[in-house]
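Chemist: Sequences are here, hints too, so could you generate the full structure?
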Amino acid sequence: NAGVTQTPKFQVLKTGQSMTLQCAQDMNHEYMSWYRQDPGMGLRLIHYSVGAGITDQGEVPNGYNVSRSTTEDFPLRLLSAAPSQTSVYFCASSYSRGGHEQYFGPGTRLTVT
Amino acid sequence: AQSVTQPDIHITVSEGASLELRCNYSYGATPYLFWYVQSPGQGLQLLLKYFSGDTLVQGIKGFEAEFKRSQSSFNLRKPSVHWSDAAEYFCAVGVEGNKLVFGAGTILRVKS
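As they're listed, the protein sequences go chains Y and U. Going letter by letter, the first sequence gives residues 1 to 113 in our numbering. Going letter by letter, the second sequence gives residues 1 to 112 in our numbering.
Not one of these hints is a red herring.
The calculated label-pair distances, taken between Cβ atoms and stated as ranges, are:
1) U:SER52 to Y:VAL12: 40 to 50 Å
2) Y:ASN65 to U:SER52: 28 to 38 Å
3) Y:SER96 to U:GLN2: 14 to 24 Å
Hints were generated in silico from the structure; no laboratory data involved. Given the structure is predicted, the values throughout are model-derived calculations rather than measurements. Think of the CB as a built atom: it goes at the ideal place given N, C-alpha and C, for glycine as much as any other residue.
Modeler: This is the structure:
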């Protein structure tokens, strides 16, 4: 199993550009989520999904869109990048019942200039 | 609102010394509690988790944590630290659904 994979590893965007961060998992997990990590703030939940076709907002959803058309994939879209979205982004997956370990991808480091 | 507090931003210990990283949480229901470790440039790896039962839980790499409901704490301990333990450590509480609320993290430095 590859686990949770994320692409790209690094990305630089200009303000106003859009892009999609890719996330895929091969563990047949129902639950997938996106976090952003900023220094001194830990990880904060952006969006999550409990299954294909079902998504919901987390703590910091503004400026991001998600969709879940398959169990395996959960892309994160930045609609119009802003410098405040400079961060490290992690995708995670798990079984949906509460308390199960979440498996994290290696992260995408995004810089918006 | 749910929250997790890790009071120490940085901790430095000597190799071979014992370690305790503090974590306090605020959550109305019985919590699921986790400790994750992140090496530089890497993703997060689960060290251990508490769901119910025995309040002292054992994890990987020789770590353990004790859940104390009366203190709303879930401190991480290791009896003898190795240089390879230098990393950032995150405490998290699992809330409704399967969402995680993370603390701000504690950076561990190990002196040789």
